[in-house]
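**Q** Sequence:
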Amino acid sequence: MAKLNVDLARRAEIAAKRRSNTRARLLDAARSLFGREGGRVTRVEDICEAAGIARGTFYNYFPSFDTLQAALFEELSNRFDLAVHLAFEQMEGPAERTCAAIRFYLTHVVEDREWGWGMVNTGMGIGFFPVSVSERVAETIQEGIDAGDFTISNAIAGRDILLGAGLAAATTLLNSKAAPDHIASVASGVLQALGLPAVRARQLASEVIPELPYREGPTDDARQPGVAPL
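The sequence shown begins at 1 in the numbering used here and counts up by one.
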């Protein structure tokens, strides 16, 4: 009986590992396909073919195509999001954090085009940004309003301005149509739209920001279902 229990446990372990590996293959294939210009037209069939997996098997791991897109967006954003929040610990207030977040995001889009296209293409598929991201942006902007840095009437309007500008600027940068100072100009423009004085906005947008404390590559947690960005 003891040997039977051990064998069953071992089989369950092997099955779980195989399932995890198959899910990872699907996400890897999706990352590659979404991480290119025009990637938002990617289909389930394309992902299964790239992963070497039968189409019917796909739905054993993701109930829908939207579910896969959301999982991929989490994988792309998890490590980046954590790194940004670690960097925030070195910054004084909400205006500084808001400016840095925009610049971190757009700089990473330029430095890793596959990541940038992946964020843009999957974001379009799931309604641009997950609730967790939208809520954190709104919270930071509300902190800025409470601190007197921002004069915009409400944090939700500010959130929409910031996220919309970020998505549009990322697309411009990926299409190579931007001036050299585009990232700083966008960051400054968003801060001014939130109500920060122009001189202060331009100053923050031109300051040196620290390198993000991470290296590219998904975390173990990012591979697991149900793990939200930090």
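These are computed hints drawn from the structure, not numbers from a lab.
The beta-carbon is built from N, C-alpha and C at its ideal position, and this holds for glycine as well.
Heads up, some of the hints might be wrong.
Cβ-Cβ distance ranges computed for the label pairs, FRET-style [stated by the list, open to error]:
id: 1; residue 1: Ala168; residue 2: Asp146; range: 26 to 32 Å
id: 2; residue 1: Ala193; residue 2: Gly56; range: 47 to 53 Å
id: 3; residue 1: Glu114; residue 2: Glu45; range: 46 to 52 Å
id: 4; residue 1: Val41; residue 2: Gly164; range: 33 to 39 Å
id: 5; residue 1: Thr107; residue 2: Glu45; range: 18 to 24 Å
**Q** For every hint, state whether the structure bears it out.
**A** Hint by hint, here is what the structure shows:
1. The hinted window of 26 to 32 Å between Ala168 and Asp146 holds, with their beta carbons roughly 28 Å apart.
2. For the pair Ala193 and Gly56, the beta carbons lie near 48 Å from each other, so the given range of 47 to 53 Å is met.
3. At about 21 Å, the CB distance of Glu114 to Glu45 disagrees with the hint of 46 to 52 Å.
4. Checked against the given bound of 33 to 39 Å, the beta carbons of Val41 and Gly164, roughly 22 Å apart, lie outside it.
5. At roughly 35 Å, the beta carbons of Thr107 and Glu45 sit outside the given window of 18 to 24 Å.
Figure legend: structure checked against the earlier numbered hints; hints not met, in rising order: 3, 4 and 5.
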